[in-house]
Amino acid sequence: MFTYPVVQLRALLGKIIPQHISPETWEWLQATGGPGDFNKKFVLLPRKTGKTPINLSAEDGNKIREIRQGFSVEGYTIDRLCRVWLLLQLDETNEAAYIRAIENLFQAAEVNELVTLYGSLPVLAYPEKWTGRCAEGIRSNIGVVLEAIICDNPYPSEYLDEAAWNQLVLKAFFTEKDVNRITGLDARSNKTLADTLSDFAHERWAASRPVPLLQWRCVAGFIDVANFADIEKVVASENPVEQKAGLLACYHSHYPPAKALLSRYPEIKNAIESGNINWHSITEDKNVPVA
Amino acid sequence: MCCNGNLTEKDLQPGSNDGSYLETIRGMRFFDPHVHMSSRTTDDYQAMADAGVVALIEPAFWLGQPRTEVGTFKDYYSSLVGWERFRSSQFGIKHYCTIGLNSREANNEALAEQVMEILPLFVYKEGVVGVGEIGFDDQTAAEEKYYRLQLELAKEAGLPVQIHTPHRDKKKGTTRSMDIALEHGLDPYMVIVDHNNEETVKEVLDRGFWAAFTIYPFTKMGNERMVEIILQYGSERIMVNSAADWGISDPLAVPKTASLMKQRGISDEDIRLATYQNAITAFGQSGQIDEADFTMVRDIDQSQKFSGNTVLRGGQAPRIDKNDIIIK
Numbered sequence: 666m667f668t669y670p671v672v673q674l675r676a677l678l679g680k681i682i683p684q685h686i687s688p689e690t691w692e693w694l695q696a697t698g699g700p701g702d703f704n705k706k707f708v709l710l711p712r713k714t715g716k717t718p719i720n721l722s723a724e725d726g727n728k729i730r731e732i733r734q735g736f737s738v739e740g741y742t743i744d745r746l747c748r749v750w751l752l753l754q755l756d757e758t759n760e761a762a763y764i765r766a767i768e769n770l771f772q773a774a775e776v777n778e779l780v781t782l783y784g785s786l787p788v789l790a791y792p793e794k795w796t797g798r799c800a801e802g803i804r805s806n807i808g809v810v811l812e813a814i815i816c817d818n819p820y821p822s823e824y825l826d827e828a829a830w831n832q833l834v835l836k837a838f839f840t841e842k843d844v845n846r847i848t849g850l851d852a853r854s855n856k857t858l859a860d861t862l863s864d865f866a867h868e869r870w871a872a873s874r875p876v877p878l879l880q881w882r883c884v885a886g887f888i889d890v891a892n893f894a895d896i897e898k899v900v901a902s903e904n905p906v907e908q909k910a911g912l913l914a915c916y917h918s919h920y921p922p923a924k925a926l927l928s929r930y931p932e933i934k935n936a937i938e939s940g941n942i943n944w945h946s947i948t949e950d951k952n953v954p955v956a
Numbered sequence: 326m327c328c329n330g331n332l333t334e335k336d337l338q339p340g341s342n343d344g345s346y347l348e349t350i351r352g353m354r355f356f357d358p359h360v361h362m363s364s365r366t367t368d369d370y371q372a373m374a375d376a377g378v379v380a381l382i383e384p385a386f387w388l389g390q391p392r393t394e395v396g397t398f399k400d401y402y403s404s405l406v407g408w409e410r411f412r413s414s415q416f417g418i419k420h421y422c423t424i425g426l427n428s429r430e431a432n433n434e435a436l437a438e439q440v441m442e443i444l445p446l447f448v449y450k451e452g453v454v455g456v457g458e459i460g461f462d463d464q465t466a467a468e469e470k471y472y473r474l475q476l477e478l479a480k481e482a483g484l485p486v487q488i489h490t491p492h493r494d495k496k497k498g499t500t501r502s503m504d505i506a507l508e509h510g511l512d513p514y515m516v517i518v519d520h521n522n523e524e525t526v527k528e529v530l531d532r533g534f535w536a537a538f539t540i541y542p543f544t545k546m547g548n549e550r551m552v553e554i555i556l557q558y559g560s561e562r563i564m565v566n567s568a569a570d571w572g573i574s575d576p577l578a579v580p581k582t583a584s585l586m587k588q589r590g591i592s593d594e595d596i597r598l599a600t601y602q603n604a605i606t607a608f609g610q611s612g613q614i615d616e617a618d619f620t621m622v623r624d625i626d627q628s629q630k631f632s633g634n635t636v637l638r639g640g641q642a643p644r645i646d647k648n649d650i651i652i653k
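Note that the protein sequences, when read in sequence, are chains Y and W. Under our numbering, think of the first position of the first sequence as 666, with each following residue one higher. Under our numbering, think of the first position of the second sequence as 326, with each following residue one higher.
Simulated from the structure, these hints should not be mistaken for laboratory data. Accuracy of the hints is not assured; some may be wrong.
[As the list claims (entries may be wrong)] Chain Y regions said to be covered by chain W (calculated; three or more residues, Cβ under 8 Å):
hint : segment
1    : 670–679
2    : 800–809
3    : 834–847
Just so you know, even glycine gets a beta-carbon here, dropped at the ideal spot from N, CA and C.
Start from the sequences and build out the full structure, keeping to the hints where you can.
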């Protein structure tokens, strides 16, 4: 069953979509057909709707985020939005049949369909049943598919177990996604992830490759005697942005030596406290190395 | 396979076509113990042959996206011992393979069960030199289950094991892979641990396993780092491979690395061990590698056929190996 007021989402999308497609297409989309009609509609839908980006008012965007906490259709094209709407029309009363129907779409999907389907995980019924599918998606090597799962998607942080969650975060670093766009990143950070990222930093240093700055965001809450040397190394970096990242991690740490280290850089400490340096400003800084 | 981190426009520009490095390794023979030729073109086969690659191992892996049916696994394994072996022979290179269920696809348990059932059909075939590449990717419970089952299969078949170590959480994943192999009573001398780096090599060698290094641009080892590894650890139980596949990779990684080693003053014997002999010694424990075959396959006749098919297409003249005449 749905864990949010799906009727409201159906209605709101049903209001937005007709603003973007012809009345004939809207009628076609709503018409119910025989068996196989759902699959056919899902697949050939872009031919009817086109693929132009949608115009989403700030008000509607906010409403969607309220109806399904954290879900956003910002940046969607009209075909993607129509596909989400279509998914929401699928009868969910028979759990096995519902899951089979959507799983079939996943198995035969091309890239845009995969993006749509993984992006829709937060609004599907029986959310606890999609964890395996989500973990499978994280194994994908297709950049846009990964992005649909990793960025601005509230599903993973709500439902994945720790191992799958950690894979998502690691994969985000490996494939250079915008880690700041991971929903629930700080809340789901954990010791295991921090340890793995520490190993990763050593691997990158051994290979003379840059270490992603945002990984220290995930380590910050778990700075301890074992990994403090890593933080000291980052803070000692000649690259000012890397140094700021290290100090930002110290700021978010409860480890006293990290606090002491931060206090040796009063200017940066002030800038952090006044909000001028944060994890978003770090990635926007022009001096950022390719990482 | 991997993601291609840190690529810049500059990296994607065509490199220099200066093939003079080939001069420094003229006459040397190479064995690439990990290369996914099914994803490569005939140009690659020709270039490899010209650079001195005489034999290779193609491990079974995933094809970039998950398969959904057992039949596609069967056809894939069958192509590794069939068409691809033939195709390779048409370029004068002896083709071996390892057969296994890769770690990523082990996560689809319903399918993995069916794949396990067909594996015995393939692992006993001629020219199958190991069970591979198997091991961990995400390090899930399902991956562990099928890794263990395949270790048992390798033990039963008396075959070496080719272990893929994970990209993410590599250090712990490598240690865990070795722990489990030992737990199943495998002799570390029968196990090739692949995709090592500076952080993993010491433990792998100390515990008596073979350490393979993948020279793969941007994501795994660069060959200058490889030279440093040889300088530090020597060449005992170390081997170099390309793991070239459908990503930005280099099927000439082994000869190029040999050339670089030569330039940096590493002895011919160490180069021979790391780029040829050690792989043969390790995978030869399968009883399936005969060096005499390498010479035999050099006598190329591209007009031969496999099930009525040939690598030649309408009107192409066969390229018969006559002292390295390159047809471009």
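Hints, verified against the model:
1. Counting residues of the segment 670–679 of chain Y whose CB falls under 8 Å from any CB of chain W gives 0; the rule of at least 3 is not met.
2. Counting residues of the segment 800–809 of chain Y whose C-beta lies closer than 8 Å to any C-beta of chain W gives 7; at least three are required, and the coverage claim holds.
3. Interface restraint, the segment 834–847 of chain Y with chain W: holds (5 residues with C-beta to C-beta distance below 8 Å; minimum three).
Of the numbered hints listed earlier, the single one contradicted by the structure is hint 1.
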